[in-house]
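Since the structure of chain A is provided, determine the placement of chain B with the ligands on it from the hints.
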Amino acid sequence: MPRCERLIDMGRRQFLRGSAIAAAGAAAAVSVPSGAQEVRTQAAMARVEYPSIRLANIADLTINRPLEVAFPDDDAPGVLLKLGSRVEGGTGPDEDIVGFSTTCPHKGFPLLYNADDRTLNCRNHYSRFDCEAGGQQIWGHAAQNLPQYALRIDENGDIYAEGVDELLYGRLSNVL
Amino acid sequence: MAYKRQIDRLPIIPADATKHNVVCHYCIVGCGYHAYSWPVNRQGGVAPSTNVFGADLSRQQPPDTAAWYAPSMYNIVKQDGKDVHIVIKPDDACIVNSGLGSARGARMAEMSYSRARTTQQQRLTDPLVWRYGQMQPTSWDDALDLVARVTARIVAEKGEDALFVSAFDHGGAGGGYENTWGTGKLYFGAMKIKNIRIHNRPAYNSEVHGTRDMGVGELNNCYEDAELADTIMVVGANPLETQTNYFLNHWVPNVRGFSLDKKNEQLAGEAHDRGRIIIVDPRRTVTVAACEAEAGPENVLHLQINSGTDLALFNALFTEIADQGWVDQDFIDRSTTSEAGAGDGSDPAWPAVLTSFIAARAGNRMTVEEAAEITGLSPDDIRKAARWIAQPKQGGARRRTMFAYEKGLIWGNDNYRTNGALVNIALATGNVGRPGGGVVRLGGHQEGYVRPSDAHVGRPAAYVDRLLIDGQGGVHHVWGCDHYKTTLNASEFMRVYKQRTDKVKDAMNAVRYGDREAMVDAIVTAINDGGLFAVDVDIVPTKIGEACHVVLPAATAGEMNLTSMNGERRMRLTERYMDPPGQAMPDCLIAARIANRMQRILTDLGKADIAANFDGFDWKTEEDAFTDGYNATAKGGEHVTYDRLRAMGTNGFQEPAVGFENGRIVGTQRLYADGKFGTEDGKARFMYAEWRGLEAPGKQKQRDSYAFLINNGRANLVWQSAYLDVDNDFVMDRWPFPFIEMHPNDMAKVGVKKGDLVEVYNDAGSTQAMAYPTPSARPGETFMLFAFPTGVQGNVVNAGTNELGIPNYKQTWGNIRKIADAPASVAHLSFKSKEYNAT
Ligand code: SF4
Ligand code: FES
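So the protein lines, in turn, are chains A and B. Position one of the first sequence corresponds to residue 92 (this note's numbering), numbered consecutively onward. Position one of the second sequence corresponds to residue 1105 (this note's numbering), numbered consecutively onward.
Looking at chain A on its own, in the form it has when it is part of the complex (with noise of 0.2 Å):
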């Protein structure tokens, strides 16, 4: 199958995907609906495919200082971190090392990184996410936590994004 057409069909299994059987990673025959015949629980992983973006190297990293990057493309804003102590989520050698989204999944604003308290924080509407906490929503209006980047860190230490977990604001696929 070519490549486009594959996308398209892993991203209509994707949105039938109830949550809670997802987070179960449990397996099930996919079936693409028609009609009006009821559609079932879809339990396929499938995930729209991502580039492989390398967004720096371990070497460019400062403990507790945000370096602006952005994936999967160039209008997707995003920061990376290395918090110098082990999060769950976090890689490199000392599983320190997050990315995230930072357009503010509520309305779109930039957040901006707080350095005493390791948060991103939305001037907007006051909403906060906690980067050593995979980006949960303190407080806020978002009925989303916020996107994180799947990271991989190839043996000359270049931190690559490659995948992201929640839809990113403003577009509707987050590979566009």
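Treat the hints as calculated values from the structure; they're not laboratory data. Bear in mind that the values here come from a model prediction, so they are computed numbers and not experimental data. Ideal placement from N, C-alpha and C gives every residue a C-beta, glycine not left out. One thing to keep in mind: the hints can contain errors.
Using 20 Å as the maximum straight-line C-alpha spacing, the simulated DMTMM-like pairs for lysine to aspartate or glutamate come out as follows [said to hold, decoys possible]: (1) B:Lys1739 to B:Asp1558; (2) B:Lys1857 to A:Asp208; (3) B:Lys1296 to B:Asp1265; (4) B:Lys1739 to B:Asp1778; (5) B:Lys1858 to A:Glu179; (6) B:Lys1123 to B:Asp1184; (7) B:Lys1858 to A:Asp207; (8) B:Lys1858 to A:Asp208; (9) B:Lys1805 to B:Asp1867; (10) B:Lys1609 to B:Glu1650; (11) B:Lys1609 to B:Asp1246; (12) B:Lys1787 to B:Asp1432.
Where chain A lies over chain B, by a calculated footprint (3+ residues, C-beta under 8 Å) [claimed, not checked]: (13) 1108-1114; (14) 1166-1173; (15) 1199-1207; (16) 1340-1352; (17) 1923-1935.
Just chain B with the ligands now, with coordinates in the frame of chain A:
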């Protein structure tokens, strides 16, 4: 790790999608939304001509765009039996929210019943009855027959006072004009039920008797007044969390200074500046922090009073403003009574004297220094508040001040008098019925009340929960209420309620289910022995429902057409955009079917005279109920029909309707703009409302006996008692347990770390919560999430109410001790400060 949906693409709304008007059915603000739906096998595209936005969706959309929706705004639901995609997204053109969604409303789609995507599978789909020792699905016929037979027997044998009712009285989900009328006509029309209570309090009373008795309805201004005010004084409310988009869309522009153009245009000829805000609250809330970030601390006055001392503060402000000569004498002369009221406030039905300005001023006299002593505030801050409220502006124009209050006052100490004392200030300064003014409650749910007269209920109304505890009543009908989560003295209530309903369950277990006559006899015998037969009507299984014998499945907003009004009396129609789950029906039609059955059974019992009262319930649709109720009986209702409302979209009109012109319903922007108030002579009353300490029984003793104030209230993520949120991964991931905000030193004192489970206990009972370190909390003062299922705050609220049966949830004191280390579901949570801090 924080919960993530792992969704990176959503189907696009096609250009020809069906569009329905929706008003968010959660909080009072009533934000406008639209529901877009289209067949499940189709989708729009990224090219402008192929999507409903006419936008190029192959590009990143800008901030604040209308052409985006979050995964929580999407689902697959049934429409006329067929699966459709649905997107429920905020409406840019609604003047209430201007496209803003909140963390509650933006989840409406995700919180809908979907078999395809397994959301809200908790929803009730079938009537359930107690059969063979557990709840079992059954037909409407079977369930209604049992309900009507037992109810009719008890009413016929013991009279209507043996039928107890708990019922919502509001708008939005689980309410609305259709459903308050349906239940109202059954219990106040066909019957005259006296032992009735409302969803969040133990009696059928107003939360704001005080202001109403003074002639000032509690929703008297419009949301734009928050943009026009020179000063906003807000009491016992946290609007950023609980009236979110009202605050963001109408208050923030004023404190930011962005509404200056509007002020200059609408209110020319007087000085204008950015708005100032006075916040009366013992707790430092996120509202305070947001106001400081927007306006600068110099324009925000947080009066952090001792819990329950609002009345003393208001009387001092009233005194100070009058002494300074800052009152609006013209208004007082024209629009308020000059006659001193009679009585001395000792009649429990009238806990204060309604009177003239002069008499109230004399009676309520309290110096700034006295109030400082009681409230713990500095005299300077009290004087500053008086200036911000009433000192004439540069050039001499009167200051426009809007007063807003909610549960901190309503569920607070001495409700009646405190409410009156605040309205006194608004009346004295002429701030009712004028742009930039108003003295309003902020509200919880939307409103949607139309019922036959409740005069027979009496005043003070029966304290229903106490009567149930005392063994009274034989049958209990529960409509969209969950006392187990939202009452006071909840531990004791649950204990007795379980005992009494278990008695009936045991009796039912002893009879073959199909022997209907024997079954009804057995139930009646158990009732005569102190048992209680309970019927629960709801959309989801509830805690109190576990004790019930019949559970009837109801439809919610969007599964039926539903009308309500918001906090500025803006009435809209939410159109039916999806099917209710299974056999669920609108409450109004459930009430009608109960009435039909009861009529038949009462006739069979030879009670033709009573049976005749059950005429007039032949409604087939919710629109029939609306036409019978609102259209025929509400003030201005004759101008309002479904068709007209549909055409008015998400902006609707502001009640009361006064006409229909050029295809539009004409409404009322502000009440009392003509200076005539809701009393017989049209003159508003002041209230003689002397300070009398902690008024409700047992409160002062609690304060003296326990170490911590257990203040309590809502959080922005959670709607009401979390009845839908309990089945929402995003919410339950954040709050698996109710938080209790504690100062770190207090945590150290009781030996707990962040996330540890603690027991909160006192003379009323005990409950649990999760410790949330909060450096901005005052030592000794905690704040616990209210009405949450995994730790019910009401367990530690004692039974004391004011004279009119208003609970006093806020003034609760208790001790705290550790139960356990943070459980696994808590380990990944953030415990950082909730406060935005401009950096
Ligand atoms: S502010 Fe209230 S009405 Fe508006 S979206 Fe949120 S919950 Fe709904
Ligand atoms: S855009 Fe960030 S909180 Fe609204």
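Structure-inconsistent hints, enumerated in ascending order: none
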